[in-house]
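Could you put the whole structure together from the sequences, leaning on the hints where they help?
There are 2 protein chains.
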Amino acid sequence: MKLNDIGEFGFIKRITPDTIYDDRNVLRAIGDDAAVFTVDHNECIVLTTDLLVERIHFIKESVQGYELGYKSLAVNLSDIAAMGAKPQHAFVSIGIPIETPLEYLDELYRGMKQLAQLYSVNILGGDTTSSKTDLIINVAVTGAAKKNNILYRNTAKAGDAIYCTGFLGDSRAGLDFILQNKNPQHDYEKELLHAHTLPRPHVEEGLFLSNTGAVHSCIDVSDGLSSDLMHIAEESNVGFIVDEKSIPISPQLQQYCDDNALNAIDYALSGGEDYVLVCTVDEKTSLQLEKNFYNTFNRAIYKIGIITHDKNYVMKKRDGSLINIKPGGWDHFA
Amino acid sequence: MKLNDIGEFGFIKRITPDTIYDDRNVLRAIGDDAAVFTVDHNECIVLTTDLLVERIHFIKESVQGYELGYKSLAVNLSDIAAMGAKPQHAFVSIGIPIETPLEYLDELYRGMKQLAQLYSVNILGGDTTSSKTDLIINVAVTGAAKKNNILYRNTAKAGDAIYCTGFLGDSRAGLDFILQNKNPQHDYEKELLHAHTLPRPHVEEGLFLSNTGAVHSCIDVSDGLSSDLMHIAEESNVGFIVDEKSIPISPQLQQYCDDNALNAIDYALSGGEDYVLVCTVDEKTSLQLEKNFYNTFNRAIYKIGIITHDKNYVMKKRDGSLINIKPGGWDHFA
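First to last, the protein sequences are chains V and H. Residues 1166 to 1499, numbered by our numbering, are exactly what the first sequence covers, in order. Residues 1166 to 1499, numbered by our numbering, are exactly what the second sequence covers, in order.
None of these hints come from the bench; they were simulated from the model. Values in this document were obtained by computation on a predicted structure and should not be read as measured data.
Copies of the same chain are indistinguishable here, so a pair counts whether it falls within one copy or spans any two.
No more than 25 Å apart at the CA atoms, straight line, and that leaves these computed lysine to aspartate or glutamate pairs for DMTMM-like:
| hint | residue 1 | residue 2 |
| --- | --- | --- |
| 1 | K1355 | E1232 |
| 2 | K1468 | D1431 |
| 3 | K1178 | E1272 |
| 4 | K1311 | D1187 |
So this is what it looks like as structure tokens:
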């Protein structure tokens, strides 16, 4: 049997047994956006880590150092946000091919530090080493939260309304410019590229959702809306119906898709790397949530579907018909 | 300017500015075996992370999966031990070339989990991804300690006695067999190889030292005794005299060096990867420490020198003459 026979999630299942030897202060282990452990009966540490490898996650020649540094921290802040925690400390391990220009590395750390400063996150440590071929960056970030404020992905309830804190699909459209080696010409194209290279982690939104006390489950959209909704559904033992006409598409993505005869919904469902939050809340509290979100952020939170008892993953099309949706996200070993 | 002009420690100095934005709960940032932050006024989290890259830290063809998994966790447990903390949770990021045999990965996780179980350390999370060329493993480990029990490296005092919790140089001798592609024949050779491939992190020793309340500073020997003593001295603004005849050489290293006309002291001073602890204690408490250590572990702790006011790094040779010693450890970018 080989790695690509079992896939990334098969591999994770394979390595998960026998990983917990003392569960007294463990609230969440492998299987969420971050792990959670308690320090006293009430205070929790949330910890997430992401490994970025050249030629897998990025092509050094097509990403600027600043953007690479920014994004390698941003994806971790997004995981902390999805847990409803406040990010605190970052730990950066870097493996550097010896010929890498120092200027590139300076820019990388500048991007990381500017984002860290924005959220008062300290870079507290890490490891520096060389690498023969590829640039390697592993960032780990800790966050703090009260035990009762943490948002998990395995606690969605049938009947919950599904919400999303921002536009979907922009990042994947931005990636088109990189993959096709095209420079964006129009402002709306630049915005799409920007959504891919410098995504804003929804840290404030995560803290807001956590503080409402009404959110049942939460995840950040890294793999793609359909895949990430499936993570929630699978782990919560429920299904979902997502409403095509309610999926928030930005004006810039709509224009890009119109100009190039593309389907914006495909980008939104399967694109990934949006780093907005998707959460589920009791239907009864949903109007209040919409109002409070608007009052806090001066923009809407988008209701995109409902959680169902049955375990089907369904999209209601514009014409009212229902179709099953399949994971469109990324499997590193598939 | 290039990376190899400034070296690893120059690079770390370059990236350290502007990394702390909120120091209210930070006890130690970049510059020790691990970072330390408080959760309440008394409880601390200690966090360390190590990145291992194929063809830099290991040659996949000459290390078994079990050993690689074991050691990638062991080096982190050693860092936690050097802080006087109790290791608790591990986070494993892995980047895997797609053709890697699953059996190798199973063995890797088996080695890691067996060591984790030995110290009741949970593997709480991580990241799994692919890699084009090299196998990449980043392990982060958290530990817990009371604020007053943490052992730093920058707090050695002039007049302190320097101690070491085990033999030095065995690991480097074991590496000889790997580098020369030789199979160890005699038992003592096998023990040396074992010291390199499956080093025992001195976790209990670290907790013991921390609980004495008498230890002023501590570090684990990863770079090599001379380099690691220099880390303590430089950060504490002191010097040291290490006594050649007191450096603990194992019978197996002595025999290996006798058989091959090698100098055991060179292996001990510059070898590295011993993962024993070196600490400094008030000279007045040193006899008590030796007695308690012996009563606890049924073996000796070795007094190897003293901390001095002047900032010289000196070895007293067997004939009584004093020589300056130079760093013999590893710089990844030099």
